[in-house]
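Asker: Assemble the whole structure, with the sequences as input and the hints as a guide.
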Amino acid sequence: SVTLFGVVDAGISSYSNKSDNTTLFPLGLPPLGYVDSIKVKRTVLSNSGYNSSRIGFRGTEDLGGGLAASFWLEAPISNDDGQQGIATFARRSTVSLSGGFGEIRLGRDYTPTFWNDTVFDPFGTNGVGTNLISTANTSFGAWAGGATTSVPGFTNVTGSNYVRASNTVGYFLPPNLGGFYGQVMYGFHERDKYDPGTVTPTALNTQRTGRYVGGRFGYANGPLDVAASYGQSTVGDNFFAGTTTKVKTFNLGASYDFGVVKLFGEYSKAKNEVDNEAIFFTPTADVDLKGYLVGVTVPVGPGLIRASYSHVKYDLNTPFISPFVTTADPKANKFAIGYVHNLSKRTALYATVARVRNKNGANLTLGGPSFVTGFGGQTFTPKTSTGYDFGIRHAF
Amino acid sequence: SVTLFGVVDAGISSYSNKSDNTTLFPLGLPPLGYVDSIKVKRTVLSNSGYNSSRIGFRGTEDLGGGLAASFWLEAPISNDDGQQGIATFARRSTVSLSGGFGEIRLGRDYTPTFWNDTVFDPFGTNGVGTNLISTANTSFGAWAGGATTSVPGFTNVTGSNYVRASNTVGYFLPPNLGGFYGQVMYGFHERDKYDPGTVTPTALNTQRTGRYVGGRFGYANGPLDVAASYGQSTVGDNFFAGTTTKVKTFNLGASYDFGVVKLFGEYSKAKNEVDNEAIFFTPTADVDLKGYLVGVTVPVGPGLIRASYSHVKYDLNTPFISPFVTTADPKANKFAIGYVHNLSKRTALYATVARVRNKNGANLTLGGPSFVTGFGGQTFTPKTSTGYDFGIRHAF
Amino acid sequence: SVTLFGVVDAGISSYSNKSDNTTLFPLGLPPLGYVDSIKVKRTVLSNSGYNSSRIGFRGTEDLGGGLAASFWLEAPISNDDGQQGIATFARRSTVSLSGGFGEIRLGRDYTPTFWNDTVFDPFGTNGVGTNLISTANTSFGAWAGGATTSVPGFTNVTGSNYVRASNTVGYFLPPNLGGFYGQVMYGFHERDKYDPGTVTPTALNTQRTGRYVGGRFGYANGPLDVAASYGQSTVGDNFFAGTTTKVKTFNLGASYDFGVVKLFGEYSKAKNEVDNEAIFFTPTADVDLKGYLVGVTVPVGPGLIRASYSHVKYDLNTPFISPFVTTADPKANKFAIGYVHNLSKRTALYATVARVRNKNGANLTLGGPSFVTGFGGQTFTPKTSTGYDFGIRHAF
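Protein chains in written order, with our numbering: chain U, 1 to 396; chain A, 1 to 396; chain X, 1 to 396.
No wet-lab data here; the hints were simulated from the structure. Please note that a few of the clues may not be correct.
Copies of the same chain look alike in the list, so a pair counts if it works inside one copy or between any two.
In silico BS3-like links for lysine-lysine, alpha-carbon gap of 30 Å or less [as the list claims (entries may be wrong)]:
no., residue 1, residue 2
1, K18, K383
2, K193, K41
3, K383, K39
4, K345, K383
5, K313, K345
6, K41, K345
7, K39, K345
From a predicted model like this one, the values you see are computed outputs, not experimental measurements.
Answerer: Below, the structure is given as structure tokens:
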């Protein structure tokens, strides 16, 4: 009654991240030892270039009367170096009760808001081709937030509960609604509450940080699939100042399968915002993150060509100061193209190449080392990130 | 030949722990900002409210001639947040050889002394209903002891080898003794011994700490089950002072199943004691911990009502100083009641409520945050701990 | 399609490691509190005395046309204390594509150079009987190297990639070559490369450390098996000094099965060497490590007697200074004998005793605590290490 399943995906990946010298020199004269740009490269044996490497256990029990109980425990693994076995069930760890009413699910699971980023990405947010909206959102909680219930050693989980959330209660609509589907999720922050409130410790991020609330609703019928989601993740709080920092995310995605070609599109808007309950307070600027993606897949015999273009733009909502101070909004775009060759349903070879271009201080890579931003007293601004994956995915 | 088994148990739990202001104010006048009592609450998605969440692998090989070899590897998992996968086999990790003579078992296993605390508890030492004897014993090794071979990240294991012990050799009587059963266990401390002894390093707790010796014997026949156990766990030593600190535990439990109702009872006595081999020494006071439990379960169709009352009392053996110094013995009691609704043999819904009352400085909770013991220069004494579990247990 | 397999091996082991007082006293008079020698002993419940305790998942998929995809995920476990479950797949973590051309294997795997040390050791580099060549090589990378991609908490993996390497690409010859077999392996260092090179950070061991290159070729036919291997492991580098430290290993092993007795032999030579690309540099002395082993196994009914003698010698290549300064080369030898009693193919009882003798500062044990090298201002030199294993191995 238990199914053991998994994916072992390994490949050779290479990343080259280039930043340009943007130092302003007095008199415009570059000094001795001037370097025009710096490239930092890394070539590795990687995992999860096409599908995330994992191992899991799942099962369902028929309870009669349409009721069923089920569980799903799924661990991320790093099969390239063997360092991460089944140390956590950080990919998913749930127990469910389902029936005609739908499904109640308890534990750690994907957030509703993440689904559109991955389902409507031809590259499924894996490897160098990953949707740039996802790349930008992964680090977005860090703009003003603090650490929450992240899982140690599992880099795919950030403090903003972007991809998954722990300690959640979820509800899913039943599958028989004529193509309509939907889910809502609440994630406990598991923080202490003091009574009287005046004895609350003054430590930051100890009152509500870690909470997640969100939902997703969609329609899938024939070649069409379309879905919208909205969620709020509490990434910081200051009890005595009366402030709560939230990442609020809305996105909308769709795909249409014409047979010879399948089209993908997504629009996403996130806001990192401080809610104030105090009467008098110092206003803080929200940070906006908008993005869109267009993508395509083309079946070619046993293979699949995949391509996407994605774009993101941050709006720092910085007031105009003077024409000499840059307040241009950071933005970046990405182009990715790849080919998957299926040797069987379970085993495939794949290759992907991609390139990210950053502007106005945006700092997004497709993998590998961080951009170099300083050397010898000179400053460098992130520009391009280029890379490839070439590997094999085997599922069991 | 390998059986994969497990339990995924998740629920919503809430804890509210209240302490009272016991500051003695000059002239009896409470200051500005006086707080009568402080409550600290936490609501969480919990695991193991009814049965401990786990995943394991076990198997038996028939060797012929009545002999058999078997293994059992069982990991605790935290399915509410996915943080703990199969990182350890801290619940049980053994290899056995068994036959007409009984069973020899090597590895990490439950201590004989723990069994009575859990077997004769209607709540099986899980969730907010847990036997108060077990709660008190979990932290009892810390009264005078040091850390031993605890398993990192596994909170159910303390330095006193209370629930389980590592590096053990166990022997079990064969099952065909007319209802009599029994076991003995020895756990290696795995410390270094120096020859000559004079070169032993002066570091504390490096010579014998971690050793466990114990046994349990019982009789189970028809509706009756009764068992007694005794064990010693070395929780501290000081080689050059010639002292060894041990927790010595005796307990006796019984249950009788009348069909319409099943009764449970347990008596436990533990002593945290310093053995002295030196001729001249400063006497140290032992700490005693006595407790009893009475419980009942009542089958109701596919469900089971469970209730228990447990009581513990510490005897600090403090000498009488003056009528103005409190030397009253800390004590606590607990009442728990709950209902389990079986949807199948493997799947159940459950709910439990419970309340612990502490007196004279006893400091026991049924879960959640620690009691607040100080605020704004005022002192607070632990009083009540109240909580509930409401969840689902699915076994596979 | 997934095979779950494993070994649970537990036993009682004891180690006694003795060092002699080699202090030079003024006038030759030992002081008050003089100790002739110090023995440090430890008795433990051990794992892996006969075969390494493990749990693993593996499978193969037939892709048609002679092609196959397969995976192998194998975790080391510490079943004596339950502390290490399936936290890593540090024993092996690979995905392969194989066919008439041979096999391409990606991930973490044994190095080609380790195989001869274990295959031609009657004790299979497990327990107190372990090949002394292996014991010496385990710590050999530390003579002049730094930490590389070692796996935390997995003591069998050193910085020198001696037993296994992560992030590797391997190629194996197909099995139908009339007894000839062979493999080559390349392990990525996964370090960053800077362009221009002048911006490379000055941190040590960040440029090439961790890389492994090696191969092994052999011939197995009827009673004969013979193989040679060569490999290089980069254990340190200094980019700006232009130096790279490598452990270069060559070994040759053979076994011949006469039926009533099987003979084993191995010769090994390793060099810890600094390669210099700079024109002017301070020469550094290489360290050589040479060793040989002769062994025998004798089947006795359902049992097997095993014995081996192994010898290693370090050549520090120290220049002659004066007759008063010791420059003698450290060396050590070991004798081990044991018996394995098979209760079935999967279950065996075993016992091994062994003794290592060190000379001229060699510092090798067969397990347990380190030699004491100083006490009360006196210095001690490692001499003998004696120990035994007595246990049970159960495979599933």
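Asker: Now look at each hint and say whether the structure bears it out.
Answerer: Hint check results:
1. Taking the shortest Cα distances, K18 and K383 sit within 30 Å of each other inside one copy (6 Å), while across copies they are farther apart (56 Å).
2. For a Cα distance limit of 30 Å, the shortest separation of K193 from K41 across copies, 5 Å, qualifies, whereas the shortest one inside one copy, 48 Å, does not.
3. Taking the closest pair of Cα atoms, K383 and K39 come within 30 Å of each other only inside a single copy of the chain (10 Å); across copies the shortest separation is 53 Å, beyond that limit.
4. Proximity of K345 and K383 under a CA criterion of 30 Å is satisfied in neither setting, with 39 Å inside one chain copy and 60 Å between copies.
5. For the homomeric pair K313 and K345, neither the shortest alpha-carbon distance inside one copy (38 Å) nor that between copies (54 Å) is at most 30 Å.
6. With identical chains, the CA atoms of K41 and K345 are never at most 30 Å apart, being 34 Å at best within one copy and 51 Å at best between copies.
7. In this assembly of identical chains, the alpha carbons of K39 and K345 never lie at most 30 Å apart, being 39 Å within a copy and 57 Å across copies at closest.
Taken one by one, the earlier hints fail for this structure at numbers 4, 5, 6, 7, listed in ascending order.
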